[in-house]
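**Student:** For the record, the sequence lines run as chains W and F.
Mapped onto our numbering, the consecutive letters of the first sequence carry residue numbers 946 to 1173.
Mapped onto our numbering, the consecutive letters of the second sequence carry residue numbers 832 to 1227.
By construction, these hints were calculated from the structure, which means they are not laboratory data.
Misleading hints may appear alongside valid ones.
Unchecked claim - List time: in silico SDA-like cross-link candidates among lysine to any residue, alpha-carbon distance up to 25 angstroms:
1) F/LYS943 - W/ALA1170
2) F/LYS943 - W/PRO989
3) F/LYS1135 - W/ALA1170
What the hints assert, rightly or not - Covered by chain W, per the in silico footprint, the following chain F stretches (three or more residues, Cβ under 8 angstroms):
4) 992-1005
5) 1131-1145
Glycine is no exception: its CB is placed at the ideal position from the N, C-alpha and C atoms.
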Amino acid sequence: MKIVFVYPDLLSTYGDRGNALILAWALRRRGIAAEVVEAPSGQPMPRDGGAYVLGGGEDGPQALAAERLREDGYLAEVAASSRPILAICAAFQILGVSFFAEGVEKAGLGLLPATTVPGPRRLVGEVVASPLLPLGQGYLTGFENHAGVTTLHEGVQPLGRVIAGGGNGVGGVDGAVCGSIVASYLHGPILGRNPGVLELLLGQLGVDGGISELQSQLYQDRVAAAHL
Amino acid sequence: MALAVAPGFVAGRAAGIDTVMVTGTNGKTTTTAFLVDLLAGVDGPEMVVANRGSNLPGGVAAALASAGGATSACFEVDEAYVPKLAEELRARVLIWLNMSRDQLDRSMEVRKLSRRVGDAGRFTPVLVANAGDPAVVANSGNFEERIWIAGAPSWRRDATACPACGGRIDFGGSSWRCQGCDLRQPEASYTIDGAGRVTGPGGKRLGRILLEVPGDFNLFNALAAAVAAGRLRGLRPEHFFPELSRVGGVGGRFTEWVLSGLPRQPKLTTYLAKNPAGWEGILDLVPAGASLVLGLNARVADGKDTSWIWDADLERLAGMVVIATGERAGDMAFRLEVAGCRAARVPDQLQAVALAGAGGGRVVYLGNYTAFFSLVDSLGRLGALRSREARAGVGS
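Work out the full structure, taking the sequences as your base and the hints as a guide.
**Tutor:** Below, the structure is given as structure tokens:
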């Protein structure tokens, strides 16, 4: 199975590439041949991906990425075919209806009913949340670094309720889960620090079973460090 | 360093001192050490003032406070403070090594930071810089004189979209160019290859730099120091090549130790690197068969976000036994597992090094900032002796 890491030249600033590496690794651990394929911007998106992973980026590259994704158009087909899309931070905003880059409002892809506006201050630091879906883990943790406030439209399922940190910056929640799209502000990367989110994506791919000992320890480390 | 600096203090103390600033994400401290040594050879050891690692304005002010009668100054400067200090110091030369992601939780993002560094050209006339880095080249327009150096291939993932137009940068071939605009690699006045051979203007062979410290990136740093020192003192860069071979690592960087307190007295080499580009550069140096220990902390000085370890290509270590250590050993151990390593998680750094050395073979330790210094501070407790001391006057 190909795990497509989308636009590494524009959306790869905060270690979110790790999500693609972890997803491919987890599939291989379960006996499924899997590899990460990088899809640079300006070229047609690979059609044969099993899952698509998008990460954070700076304002300028974010606006360019949105433009090129819209021109390409294929991500909408990925969503329509219910293949998993994981979108973190800048990519979360791009998948929504609209967002701001360098102070200017930009159209998003409209795959996720959410709207992002600039917030009063940059949200930087550790985030702890409690999952609002059955994830098999008590807490979500990650590191956020963004200045957006993302409002989920009526009826959209957030990923977690924020206990510490900012998350979406409004409504006391982080992330969104909508069809096969999982979105969040959490870096870390999210699939490393949160085995339950990894299992959520694996479940969408029809695969289940087993977290590694080292990943389980990492999850426990980060929850312990949150001093709850 | 918390230091209240009176307005005008730095400018007043720096007046009449010929100053070189060193900035960039990787290699500031070592390049500054090279530069101090070279200028000391010309001006005299007592005549050169420098900071060591304290690269914020307070550190520069503290160094100047004890700089009676100095004739030249070498300051490493955090990227965010380059224009402010360029103005106050009236620095004559800026060495700009590279720009890559580092501690994004507290720094500005790479593009904004690069633009800010470029503003220093309004105060500092001469730039000695890396022709291979588009983020540097795109923001160099303010400098009166630009001396380009080409050397080891530099970190590229931050600059694959053009910093000027957002187009794609093509790194194919011997130099890079943007496919969307006019930005391209400038012709380098000086180039250095992996064997240290230096070519000057017009393709003239200028000789060879041999270093005590390893790595292509250090050869580049050494050449940058020689070019800057030469420009400041009206000497040819090659004048300094012999001297460069005598500079050791700074503060335990690139230092070899003998773990004499352990039964088989294994050898340990300690490396410091703080970001993906730095880690990849060091990992290229690990000899086959060495036991590798990777230390990770996430204090303020390190950057509190450890996500960057996923941007470093640790897959090159696949199949190796690697020990993860430090306060964020758990993050590192899982990173290594995904990279295909046989990873062990040993948070206590001394225990990790002792375990790696239990077989008596060579141990290589690479850690980020506070992890590294905490290990170097505590090696004495393990009965470690330095087998290659940093040179007196540089390794303090």
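**Student:** For each hint, tell me whether it holds in the structure or not.
**Tutor:** Comparing the hints with the structure gives:
1. Taking the CA atoms of F/LYS943 and W/ALA1170, the gap is about 32 angstroms. The hint is violated against a cut of 25 angstroms.
2. Restraint check for F/LYS943 and W/PRO989: the C-alpha separation of about 29 angstroms exceeds 25 angstroms, so the hint is violated.
3. For the proposed pair F/LYS1135 and W/ALA1170, the alpha carbon gap of about 13 angstroms is at most 25 angstroms, so the pair holds.
4. Here's how the region 992-1005 of chain F fares: 3 of its residues keep a CB closer than 8 angstroms to some CB of chain W, so the rule of at least three is met and the hint holds.
5. Using a Cβ-Cβ cut-off of 8 angstroms, 8 residues of the region 1131-1145 of chain F lie near chain W, which meets the minimum of three, so the contact claim holds.
Taken one by one, the earlier hints fail for this structure at numbers 1 and 2, listed in ascending order.
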